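Participant: Read off the chains here:
Number of protein chains: 4
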Amino acid sequence: MSARIDALPEGITTLADYEPLARACLNPTTWHYLHDGSGNGLSLAANRQAFETVPLIPRPLVDVRQGNTRLTLFGQTLLHPILLAPIAYQRLFHPDGECATSMAAAAQGGAMVISSLASQSIEEIVEAGCQIGVAPWFQLYWQGERERTLRLARRAEVAGCPALMLTVDAPFKQSTLVLPEGVAAENLEQPLMADQVPSGQSRVFQGWMAQAPTWDDLAWLRERIRLPLIVKGVLHPDDAERVVGLGCDGLVVSNHGGRVLDGAPASLLALPPILSRVAGRVPVLLDSGIRSGCDVFKALSLGASAVLLGRPYIWGLACAGAFGVAHVIRLMRDELEATMALCGCAELSQIVQTRNL
Amino acid sequence: MSARIDALPEGITTLADYEPLARACLNPTTWHYLHDGSGNGLSLAANRQAFETVPLIPRPLVDVRQGNTRLTLFGQTLLHPILLAPIAYQRLFHPDGECATSMAAAAQGGAMVISSLASQSIEEIVEAGCQIGVAPWFQLYWQGERERTLRLARRAEVAGCPALMLTVDAPFKQSTLVLPEGVAAENLEQPLMADQVPSGQSRVFQGWMAQAPTWDDLAWLRERIRLPLIVKGVLHPDDAERVVGLGCDGLVVSNHGGRVLDGAPASLLALPPILSRVAGRVPVLLDSGIRSGCDVFKALSLGASAVLLGRPYIWGLACAGAFGVAHVIRLMRDELEATMALCGCAELSQIVQTRNL
Amino acid sequence: MSARIDALPEGITTLADYEPLARACLNPTTWHYLHDGSGNGLSLAANRQAFETVPLIPRPLVDVRQGNTRLTLFGQTLLHPILLAPIAYQRLFHPDGECATSMAAAAQGGAMVISSLASQSIEEIVEAGCQIGVAPWFQLYWQGERERTLRLARRAEVAGCPALMLTVDAPFKQSTLVLPEGVAAENLEQPLMADQVPSGQSRVFQGWMAQAPTWDDLAWLRERIRLPLIVKGVLHPDDAERVVGLGCDGLVVSNHGGRVLDGAPASLLALPPILSRVAGRVPVLLDSGIRSGCDVFKALSLGASAVLLGRPYIWGLACAGAFGVAHVIRLMRDELEATMALCGCAELSQIVQTRNL
Amino acid sequence: MSARIDALPEGITTLADYEPLARACLNPTTWHYLHDGSGNGLSLAANRQAFETVPLIPRPLVDVRQGNTRLTLFGQTLLHPILLAPIAYQRLFHPDGECATSMAAAAQGGAMVISSLASQSIEEIVEAGCQIGVAPWFQLYWQGERERTLRLARRAEVAGCPALMLTVDAPFKQSTLVLPEGVAAENLEQPLMADQVPSGQSRVFQGWMAQAPTWDDLAWLRERIRLPLIVKGVLHPDDAERVVGLGCDGLVVSNHGGRVLDGAPASLLALPPILSRVAGRVPVLLDSGIRSGCDVFKALSLGASAVLLGRPYIWGLACAGAFGVAHVIRLMRDELEATMALCGCAELSQIVQTRNL
Ligand SMILES: Cc1cc2nc3c(=O)[nH]c(=O)nc-3n(C[C@H](O)[C@H](O)[C@H](O)COP(=O)(O)O)c2cc1C
Ligand SMILES: Cc1cc2nc3c(=O)[nH]c(=O)nc-3n(C[C@H](O)[C@H](O)[C@H](O)COP(=O)(O)O)c2cc1C
Ligand SMILES: Cc1cc2nc3c(=O)[nH]c(=O)nc-3n(C[C@H](O)[C@H](O)[C@H](O)COP(=O)(O)O)c2cc1C
Ligand SMILES: Cc1cc2nc3c(=O)[nH]c(=O)nc-3n(C[C@H](O)[C@H](O)[C@H](O)COP(=O)(O)O)c2cc1C
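Residue numbers (full-length UniProt numbering), protein chains in the order written: chain A, 1 to 357; chain B, 1 to 357; chain C, 1 to 357; chain D, 1 to 357.
Hints listed in this document are in silico derivations from the structure and should not be mistaken for laboratory results. As the structure is a prediction and not an experimental result, all values here were calculated from the model. Certain hints may be false.
[What the hints assert, rightly or not] Examples of chain A residues toward chain B, derived with CB under 8 angstroms:
| # | residue |
| --- | --- |
| 1 | Leu61 |
| 2 | Asp63 |
| 3 | Arg330 |
| 4 | Asp334 |
| 5 | Leu342 |
| 6 | Gln350 |
Ideal Cβ positions, reconstructed from N, Cα and C, are used throughout, including at glycine.
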């Protein structure tokens with residue numbers, strides 16, 4: 001790990017204060033890679049818009065002196081329901097990269113999810129978290145074929161990751177980012193799968209999609225994975241049903257932070273129909289657009305079991321490495337507690353009941 | 001009282017004209033303390049937005065030559081339904097502080113509500129109003145424990161306040177304002193209740209909320225208070241029901257001017273379901289977002305008995321002390337009268353009937 | 001009439017092109033007097049917004065070669081349904097004042113409505129129009145008492161006005177405009193009614209409203225007026241019913257261009273319920289927010305018999321006197337014809353049928 | 001054809017990137033002629049707004065490795081459903097004019113529709129496309145009388161156009177564009193029909209509309225045309241019914257890109273009721289507002305058989321002639337393929353089923 005000592009920036013009182021500081025720390029290309037949505041940014045904006053329409057009703061005078069934010073998820077005990085979403089190439093944002101994130105998440109009693117495109121080795125990142133007590137989860141991208149994908153999953157399992165999250169909503173790369181020298185997907189087998197397409201064929205259908213996973217591949221993988229397997233990137237209730245039917249342990253309702261299909265609905269809006277269909281059979285998590293503890297409360301009030309936080313923790317990473325990430329988590333959790341207190345909830349499980357107005 | 005002579009600013013024709021003048025009078029920190037909402041300002045904006053959606057239908061040709069704006073509230077006769085909301089530390093805004101507000105309210109035939117965090121003594125403030133004829137009410141914050149709270153309530157009663165308003169929606173301080181030398185909460189017992197929390201415990205749940213009132217505390221207090229007791233900060237009909245059930249004399253539907261839980265609904269939108277539940281058993285007042293006499297009319301048209309005006313009277317205070325506050329009230333009342341006249345209402349009680357379109 | 005020769009401004013293709021030119025011709029005070037709405041401009045904006053929500057469905061391939069825009073209204077034959085609304089003190093905007101407007105309206109085969117607050121004598125204005133062939137109507141403000149009001153109405157009748165329009169929605173003056181030397185309400189009896197109010201009484205209720213007309217006054221007036229009597233400023237169906245019940249000949253659904261009660265609904269939105277109540281017994285006119293021939297079509301498609309155009313013709317007056325007013329009317333009428341043609345209507349009476357989608 | 005060699009502009013990744021480049025290539029008058037809508041631009045904005053409200057639901061894990069975008073339309077096989085809309089006077093935008101467009105469309109396996117107001121001869125334009133393999137269609141404007149119109153249609157047929165599209169929604173010219181020297185409607189018979197109107201008559205009704213086609217004219221034309229005849233500019237279901245009833249082969253739901261009747265509904269919103277009425281009897285195409293491959297997907301998801309792309313291909317033409325047009329089509333098609341892949345569609349015919357959420 002780097003010997004660089006980071007100090008927390010001054011004058012930060014909310015998460016939003018980090019955004020301009022992070023922007024100032026990063027070169028414009030990196031900032032846009034982090035921040036932008038795809039296309040015209042419709043889904044990116046829809047994510048935020050959706051949270052603004054969920055009202056919170058204060059419920060004063062409730063006794064919440066025993067309040068806490070603990071939960072158990074896929075067998076792990078967490079101090080709060082805010083996971084750190086898988087984000088690729090974190091050494092783009094800070095030399096300490098994913099290890100800093102792992103330490104910070106563990107220090108705050110929660111878990112990060114390591115991206116398949118992590119810029120440090122899975123083993124190092126797991127180690128950074130385990131020193132403090134909580135192991136990170138691993139996010140799996142399909143590796144173009146079954147065995148290669150299974151090898152990557154197994155490596156994460158051996159390294160000590162307690163859960164696997166298969167991301168299915170981004171079957172091809174859209175970003176045009178050119179990685180700087182020294183930043184790479186450290187855990188992928190070389191050479192990468194070729195995506196050359198014979199002329200006259202479609203780069204999309206016969207190229208990229210020939211390397212994307214199918215429902216059959218998911219079934220195949222499920223049978224070979226002992227760890228809890230969570231599918232990330234579900235927005236349609238029929239797909240949620242099928243994921244559960246294949247024996248997966250959970251799912252993440254997500255539009256990938258508005259970065260893939262522009263026009264995809266806000267994941268918060270997609271959540272309720274999926275929850276009705278899943279009907280409690282597995283935990284349903286949510287990401288895309290979470291920017292405050294109030295937003296965490298809102299997602300849980302609609303029925304999510306936990307949330308994944310994306311870009312905002314990278315703001316903290318960019319500004320102040322592990323300290324910054326830990327601070328972002330702490331701010332979120334404080335806001336979540338305050339919102340619970342004001343809405344009369346002493347336990348996470350009470351939050352969903354506030355919807356019955 | 002200060003010997004400073006304030007002149008009314010020139011060219012003011014509506015309340016809104018005071019806002020930029022007040023901003024210019026105050027240092028930015030004080031202005032932001034006064035003006036800002038919490039979080040992203042969703043509730044602050046929702047308050048204004050809500051008023052814009054209530055239409056007014058002009059009803060010409062009605063004979064309103066006997067028109068007036070009088071009402072009786074909790075036994076007091078008031079010349080108009082515009083109370084001045086409890087606002088802390090008024091010496092931040094003008095050296096004459098709460099005494100100026102008290103005089104102005106009385107001079108205009110209405111009442112102010114003294115904050116628990118007033119920067120002058122309750123007795124002085126009451127005196128300033130009584131000289132002119134109307135005594136201010138007192139707003140009670142829970143003082144961390146029962147007896148301390150009761151002592152504060154009793155002091156206000158003895159000083160001559162005719163009604164008590166217990167604010168329940170702000171169980172902990174969110175503002176980061178540092179009070180300048182010479183401005184303090186003059187009426188609170190020293191030392192303040194500690195809010196230290198053992199490490200590993202939550203500053204929110206085990207800290208602040210351990211000092212917040214509960215329904216039991218409210219019941220306890222109600223039994224010990226002879227004055228009319230009004231609960232401020234209710235937004236959920238179930239809570240309104242419970243407040244009435246405990247024998248309180250009234251309630252204020254309020255989101256605290258958008259200063260506490262960002263995402264709380266506009267109080268104007270929360271009003272109708274609460275009114276249906278309360279069904280006339282006690283008067284229901286409204287605050288948060290009132291900026292004109294039209295807004296007062298709108299609140300009354302939905303069924304409020306009276307309103308509390310917040311930030312705008314502080315604009316007047318900042319610009320011109322007692323004269324400014326009196327002028328703000330006069331402008332509001334003139335607009336209310338004009339709106340009544342244009343809508344064919346000669347009495348406040350007719351306003352609610354204009355809703356039956 | 002003035003000897004000043006006005007030339008039409010260059011490069012005008014739509015009504016909207018006149019607005020910035022007019023602004024440039026007028027001093028800011030006069031411009032704001034003309035342009036602004038009351039309060040926060042809610043009703044002013046609502047007027048425009050309302051027109052934007054009425055869709056037009058093009059109906060190609062209809063044979064409209066016999067098309068025209070003629071109508072008969074209160075016994076008068078007009079070449080088009082665009083009346084010029086009563087606007088006070090037109091010498092503020094151009095030295096030729098109301099006479100220019102009267103000539104232009106007549107030249108275009110339509111009628112203006114002379115304001116009670118005209119800055120030239122009724123007789124001169126009527127004369128200016130009659131030379132060309134069409135006499136202007138007269139708008140009556142209540143003159144504080146019955147006989148004085150009747151005298152003014154009689155004067156207009158004698159001068160040759162074929163219809164009277166009693167404006168009831170503006171019982172008191174809200175503008176703070178100070179009239180420049182030489183511009184005055186030429187047709188009002190001196191001295192004006194006093195609006196002094198004994199101290200302790202309300203300037204609104206006991207002052208202004210004591211001089212406003214009531215339903216009884218309207219009944220009294222109706223009995224004494226032989227000309228068609230139209231009531232301007234109705235927004236509530238109950239009031240429309242009562243106006244018709246008193247034997248008036250028509251009414252104007254109007255919010256006075258958003259200049260009186262801020263928060264009053266857009267008149268276009270108030271139109272349909274009024275039309276259902278009136279059920280064809282008298283013609284219903286509309287004003288407030290008309291800015292193009294499309295808007296005229298929209299108003300007629302909802303059921304209005306004709307419209308009154310307000311501010312836009314004053315833009316023409318300010319820029320180029322009678323020529324400008326005539327040009328504005330011509331542009332509006334061309335747009336109305338084009339809209340009719342595109343929507344497959346050859347007669348005004350077919351427009352209302354386009355609503356049955 | 002011009003010897004000018006155009007290079008593709010650098011750094012273009014989406015269609016939208018072309019817009020500012022095109023603006024920079026064109027003089028402001030030409031740009032405004034291309035870009036502006038009529039009136040206040042309500043319909044222009046509504047077109048875009050409508051697409052933003054159609055959500056796309058990603059459907060991961062579907063096997064789309066056999067995916068393609070082929071379709072058969074009016075007997076022609078096309079590689080994708082993106083036709084190039086008829087746009088007048090293309091030599092305004094690039095010296096190679098319509099011939100460049102024709103080549104590019106053919107090279108990309110699709111068809112352009114030649115405007116009646118093309119600035120090159122029909123024969124040349126057809127030839128430019130046929131060299132590569134696909135013949136352009138021809139758009140017919142009514143030529144003021146039957147025989148003249150039929151002569152123009154026959155000329156296009158003889159030249160080799162496989163389909164005719166009669167535009168009925170623009171019976172008169174609204175643009176004030178003055179054509180520069182050397183750019184003209186090359187294919188119209190001289191002299192043009194006169195549009196002089198005797199004084200006292202209406203330029204709209206007795207002038208322009210006397211030269212516009214009627215339902216009878218359409219019936220007359222239909223009987224005399226062997227080629228597939230498609231009617232462009234239908235927004236009302238009754239008109240769609242009548243078009244089908246007369247034996248036409250298809251229709252284009254269009255508001256002419258917001259260029260004719262300002263206030264006409266977005267064509268995307270007009271599509272569903274028309275599709276229900278047509279009930280599959282003929283293909284229904286859509287244009288107005290298509291700006292990306294996502295938009296094509298959305299139109300097809302609502303039931304359109306294909307779309308016409310308007311202004312955006314002119315951006316490509318202005319920047320880089322035939323290469324630019326081909327690039328624009330390629331970008332659109334790539335986006336369409338990506339959207340299909342992400343939404344789990346391997347064939348165009350599956351797109352409409354994604355609506356059954
Ligand atoms: C820069 C960046 C890189 C990302 N990389 C991955 C990734 O490698 N794997 C993955 O499953 N999701 C990835 N995501 C998506 C996130 O996991 C998450 O779904 C999204 O950021 C949530 O939205 P939010 O940023 O609005 O909170 C990435 C997101 C960002 C912003
Ligand atoms: C600067 C400031 C201080 C306040 N202090 C108190 C207080 O001490 N006690 C209380 O009950 N409410 C307090 N409030 C809330 C007001 O009583 C009132 O609910 C709110 O200002 C109404 O909204 P408005 O400002 O939009 O009119 C305060 C509000 C402001 C703006
Ligand atoms: C400057 C001005 C003066 C007006 N004066 C009168 C008046 O004297 N009498 C009257 O009945 N209405 C008066 N009106 C209202 C107009 O008759 C009409 O209702 C209004 O202008 C219509 O709205 P528009 O301006 O949006 O078209 C006035 C309006 C303006 C803008
Ligand atoms: C500059 C321009 C010229 C046009 N000329 C014609 C024309 O000659 N014939 C026709 O049927 N439509 C014409 N149109 C309309 C287009 O065919 C098409 O309906 C419209 O551009 C689609 O909307 P979009 O530009 O938003 O894609 C023209 C459009 C533009 C922008």
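Participant: Indicate, hint by hint, whether the structure satisfies it.
Facilitator: Hints and how they fare:
Nearest Cβ of chain B to the Cβ of A:Leu61: about 5 angstroms, under the 8 angstroms cut. The hint holds. At its closest, the beta carbon of A:Asp63 sits 5 angstroms from a beta carbon of chain B; the interface hint therefore holds under the 8 angstroms criterion. The interface hint given for A:Arg330 is violated, since its Cβ lies 11 angstroms from the closest Cβ of chain B, which is over the 8 angstroms cut-off. Using the Cβ-Cβ criterion of 8 angstroms, the hint placing A:Asp334 at the interface with chain B is satisfied: the shortest such distance is roughly 7 angstroms.
Residue-level restraint check for A:Leu342 holds (minimum Cβ-Cβ distance to chain B is 5 angstroms; threshold 8 angstroms). Because the closest C-beta pair between A:Gln350 and chain B is about 13 angstroms apart, greater than 8 angstroms, the hint is violated.
Violated hints, listed in ascending order, are 3 and 6; each of the other numbered hints is respected by the structure.
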